[in-house]
Amino acid sequence: MTNEMMKVIEQQEQAIDYVEEAQEENGSQFLSFVVGDEEFSVSILKVQEIRAWENPTSLPNSPGYIKGVLNLRGTIVPVMDLRMRFRFKHFEYDATTVIILLKNNYNGKDCLMGCVVDGVSDVFSISESAIREVPDYGSAIDSRFTSGIMTVNNHAVTLLNLENLLNLDLIKHPYAGGNVSNG
Amino acid sequence: MDIDLSQFYQVFFEESFEGLDTMEHELLHLEEDSDRENINTIFRAAHSIKGGSATFNFKEVAEFTHVMETLLDEMREGKRPVEKETVDLLLRSVDCLRGMLNRIQDGEEVGDSHIDLVNYFNELLSNGSSSGSDSPATEVDDSSADSEGEITRWSIHFEPEAYILETGNEPVRMFRELKGYGELTAKANLDKVPDFDELKPESCFMSWDLELDGEVDEDAIKETFEWVEDDCKLEIKPLSSAGGKAKAAKVVSANADETTEENEEEEVQTSNVKNMVPVASEKPAAKAAQKPASTASIRVGIDKVDTLIDLVGELVITQSMLSEVGENFDISKLNLLLSGLGELEQKTRELQESVMRIRMLPIGFVFNRLPRMVRDLSTQLSKKVNLEIKGESTELDKTVMEQIGDPLTHLVRNALDHGIESVDRRIEAGKSETGTLILNAFHQGGNIVIEISDDGAGINPDIIYRKAVEKGLIPDGIEMPREQILSLIMEPGFSTAEVVSDVSGRGVGMDVVKRNINNLGGNVEISSELGKGTTFTIRLPLTLAILDGQLIKVGDETFVLPLVSIIESVPLSMAETSRIAGDMPVYKLHEDYIPIIDLQEEFEIRKNLGASNDGLLAIVEGENRKIALRIDELLGQQQVVIKSLESHYKSIQGVSGATILGDGRVSLILDIVGLSKRASDRTHKKLVA
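Protein sequences, first through last, are from chains A and B. Note that our numbering numbers the first sequence so that position 15 is 36, with each residue one more than the last. Note that our numbering numbers the second sequence so that position 241 is 243, with each residue one more than the last.
Hints are computed from structural coordinates only; laboratory data are not their basis. Among the clues, some could well be false.
[As the list claims (entries may be wrong)] The list that follows gives simulated cross-link-like pairs (lysine to any residue, SDA-like), each with its CA atoms no further than 25 angstroms apart: (1) A:Lys-130 - B:Met-176; (2) B:Lys-645 - A:Met-171; (3) A:Lys-124 - B:Thr-320; (4) A:Lys-130 - B:Ser-646; (5) B:Lys-645 - A:Val-68; (6) B:Lys-81 - B:Glu-71; (7) B:Lys-679 - A:Val-68; (8) A:Lys-193 - B:Gly-557; (9) B:Lys-652 - A:Gly-89; (10) A:Lys-130 - B:Val-643; (11) A:Lys-124 - B:Gly-666; (12) B:Lys-349 - B:Thr-320; (13) B:Lys-652 - A:Leu-93; (14) A:Lys-193 - B:Val-643; (15) A:Lys-130 - B:Ile-662; (16) B:Lys-652 - A:Trp-74.
[To be verified] Partial selection, computed: residues in chain B whose CB lies under 8 angstroms from chain A: (17) Gly-315; (18) Lys-555; (19) Glu-559; (20) Glu-606; (21) Ser-649; (22) Tyr-651; (23) Gln-655; (24) Ile-662.
Backbone N, C-alpha and C define an ideal beta-carbon position, used for all residues, glycine too.
All chains should be built: construct the whole structure from the sequences, respecting the hints.
Below, the structure written as structure tokens:
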């Protein structure tokens, strides 16, 4: 009786190991999206949800890339336009413009930030080892915001560094509280 | 069958803490009017704590409350007078009990802080009355203080057999018990202690000569040694008779230390004996500790719950009526539908109000912890203070209440320390010896107002002014109205107390008070008359969650102004505006000029093409400062639910939060104080630059 149970448990453990190995082989999952002409990606675990574009309520004195705040089922969530954050020149708000709600952590509390992108493209798996470093020269985007490059279907996809991109301290908002300078 | 008692712990703790609060409350009134009912209430509270703790097997608490009860029993039967000392002791016991319960709740050891108090109690009880000598009422005392008690010094020679420790008897414990009878001096005889390599840790090689100073009879001492009688040599001799009745032993004599030298093990144990009576000093430490996973709960009056149930019942009826109408709807039933919907709306609103009322608690919860503090503090400062509390039943939101406690405590401390003068000074000033401190709470409009007024020395605005100039808070020579000068004391880093005392004067505090209250959406006003007293007036919104708002339009954006802050609004075309002091726009309101803030500029809102000159000025007030806001349009008024911007973003000066309007869009709530502050800060910056 006990032996049988032990066998079952062992089998289950093996099965779990197998799944874990399989995950390691396949790597983590990422969501890729289009900003301007380029593709970017974030870990799928950081994505809370994707919403259609709607005009948020603007915040006083906010930097241009902070579009304002949205009502997300009763909580107030800020929205950042990635195209403006990355200093892309041409963009518009149309039918494919979406807001990706990304989870991040600020001073130990979990926060959400809506990020405006031109469109969502794909979900894919890639092993961590296939992520290459970003060459460190001449990019328009602040290098703090990127953490790697990966190749998906023969084109380059930039992995974003959400810790910095969504860090509220790096958002220069005059008259705002926190460790933000009023400059 | 075993029942898991731990599921009831939470209830036990809640009830016990409540009982302790009751005891404290009644004890404070005991001295003024000690009628039997008061003592009965205290007794009942102690008794239920004792019962509960015994049930849950918190032995220390049960034993401790037991001795307390004995004393209370004597008081109840009139055998013991109600005196300051007794009340003090009982108050300390309440603190001690609270500490013990806190520690148990946190899953820590109870510790032995209570043992000293227990001993003190025992001593008091067996001696009849420790402080009895100076009280006329001691005649009714029971017989324990009779002729036998004449002998007040005993010499005890105690020489245990070596195996005494093996029998589970511990000399130190016996000494501690003796200590309960009076002052104990112990001398250890170490002659027989062998060299270290021969020392057997299980054996006792020491003997003691003890001197006990206290009214106790021989039998009681013998009783202490009852268990070891056959395992030791024991000699008990009276030393002297009836000296001056020693007042309750406060501190054990330093001689006790002598016993502790040489033998390490012994030292650890006797250290307990050393730090006897000065009691209950460790209780707040445990209090501050984080409690593991105890959820907050509130007590709700049954009437409030009944109202809710009634309302929900009515709501259900309305709902079933509506669904009936909807089932076979034709246009003839339209009126029925409309009235049904109207009813639904009304019921929903009532329901909302009643639910909000559940969070409302009487402010007495906060006020009640102040009398104790006033008592302790006035003793410490040797001032005489009479505390009057009015309007305890005024209700306010629980969240507000939790955060108003500290500021209130601080203001009361300040009033005691700086406000009310010492007895001598008061007599000099021709006032009555006893100062009066009045706490008052009442509702006014949508606010709750709390007043803390003392009849002390008052605040001298000239001193404040000089000090503020000295500290660089204001430029010299500037003209300021009196109230504004007074409110300078709430600026960070301002303290006029000449000496930084234990109580206050470090210049942190008043600014914290102000900030806490501002955070709650309230404000503080100070009025003071030199020599007559000072009044602090705190104004707080009744609830933090809902606000009466005036919707306004600026450019394309809709904002919410708190309705309470609006004084009036005037069309721009009719407003008397001018520019002064190098391009600062001002509006003339009666005799005052108040600065105009153009919200569109201030908030960098995209220009609305049409609007230019036909706007409005909304005159608003916050913290005694008025400003005029240039806006485009006044929209409707409505109650809005306040949401925090900070939950996912940062706070923004001038915006106190956000709300969601009927159409689902977010609208920002303006913060008048913040707005005027950022405008004036900017002016200051300009001046510096």
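Of the hints stated earlier, which fail here?
-> 1, 2, 3, 7, 14, 17, 18
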